[in-house]
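Asker: These are the residues of each chain, in order.
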Amino acid sequence: EAGVVQSPRYKIIEKKQPVAFWCNPISGHNTLYWYLQNLGQGPELLIRYENEEAVDDSQLPKDRFSAERLKGVDSTLKIQPAELGDSAVYLCASSAAGTPSDTQYFGPGTRLTVL
Amino acid sequence: KQEVTQIPAALSVPEGENLVLNCSFTDSAIYNLQWFRQDPGKGLTSLLLIQSSQREQTSGRLNASLDKSSGRSTLYIAASQPGDSATYLCAVRVAGGYNKLIFGAGTRLAVHP
Chain A
1 EAGVVQSPRY KIIEKKQPVA FWCNPISGHN TLYWYLQNLG QGPELLIRYE NEEAVDDSQL
61 PKDRFSAERL KGVDSTLKIQ PAELGDSAVY LCASSAAGTP SDTQYFGPGT RLTVL
Chain B
116 KQEVTQIPAA LSVPEGENLV LNCSFTDSAI YNLQWFRQDP GKGLTSLLLI QSSQREQTSG
176 RLNASLDKSS GRSTLYIAAS QPGDSATYLC AVRVAGGYNK LIFGAGTRLA VHP
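Same order as they appear, the protein sequences are chains A and B. First residue of the first sequence: 1, per the working numbering; consecutive thereafter. First residue of the second sequence: 116, per the working numbering; consecutive thereafter.
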């Protein structure tokens with residue numbers, strides 16, 4: 001079974017440029033998460049989707065960040081414009097609905113460098 | 116606000132040693148606690164999950180304990196191997212927030228031959 005797929009794996013951009021990250025969750029997983037991981041820190045949740053609905057986006061900086069999950073499958077996270085402080089790893093995870101202990105499965109992440 | 120702290124931040128040991136990684140959390144109202152492993156350039160892999168009603172979980176050379184009342188968990192690694200070198204992250208699932216995980220900053224482990 002394929003895991004969570006993310007692309008690109010690495011991205012280098014100039015500040016003020018836009019950037020987008022793509023995530024394809026495990027087949028059948030209706031819950032999708034985007035996390036931000038700064039160097040030397042643990043991941044922090046940015047947004048969580050249940051199917052195509054964003055049910056927790058309280059940590060998403062909405063002035064420059066946006067996300068979408070059309071058709072409730074794959075998802076795109078966008079930053080426009082990017083700032084130097086956005087340099088980090090962006091992780092996507094997915095889980096199946098059901099029990100409270102349903103496990104989140106993480107993708108390899110996209111490492112963003114803003115110059 | 117739930118905060119998760121991991122000690123030590125980094126650890127370097129010779130192969131064969133038994134290790135203890137520590138995790139503490141400020142709010143005991145949790146559903147469960149998970150230990151993850153993260154290899155450089157890769158995502159997180161779940162190692163052990165302990166429900167709030169449980170005291171410990173074991174998988175191979177790994178054993179994790181949970182003392183919810185004191186807000187502490189330990190991950191015990193027996194007979195460490197170079198392949199165990201990675202960052203180990205502790206995460207608690209907060210009560211009332213469906214599957215919302217709060218992570219610690221991790222312990223970076225290096226096991227040398």
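No wet-lab data here; the hints were simulated from the structure. Small disclaimer: the values here were computed from a predicted structure and weren't measured. Treat each hint with caution, since some may be false.
With a Cα cut of at most 25 angstroms, we get these calculated BS3-like pairs of lysine-lysine [said to hold, decoys possible]: (1) A:K62 <-> B:K116; (2) A:K71 <-> A:K15; (3) B:K183 <-> B:K157; (4) A:K71 <-> B:K215.
Asker: Holds or violated: K183 of chain B and K157 of chain B, Cα atoms, limit 25 angstroms.
Answerer: violated (30 angstroms)
Asker: Does K15 of chain A lie within 25 angstroms of K71 of chain A when you go C-alpha to C-alpha?
Answerer: Violated. K71 of chain A to K15 of chain A sits at ~31 angstroms, over the 25 angstroms cutoff.
Asker: Between K71 of chain A and K215 of chain B, does the CA-CA distance stay at or below 25 angstroms?
Answerer: Measuring from Cα to Cα gives roughly 23 angstroms; hence the hint holds.
Asker: For the pair we were handed, K62 of chain A and K116 of chain B, check the Cα-Cα distance against 25 angstroms.
Answerer: holds (22 angstroms)
Consistency with the previously given hints fails for numbers 2, 3, ordered from lowest to highest.
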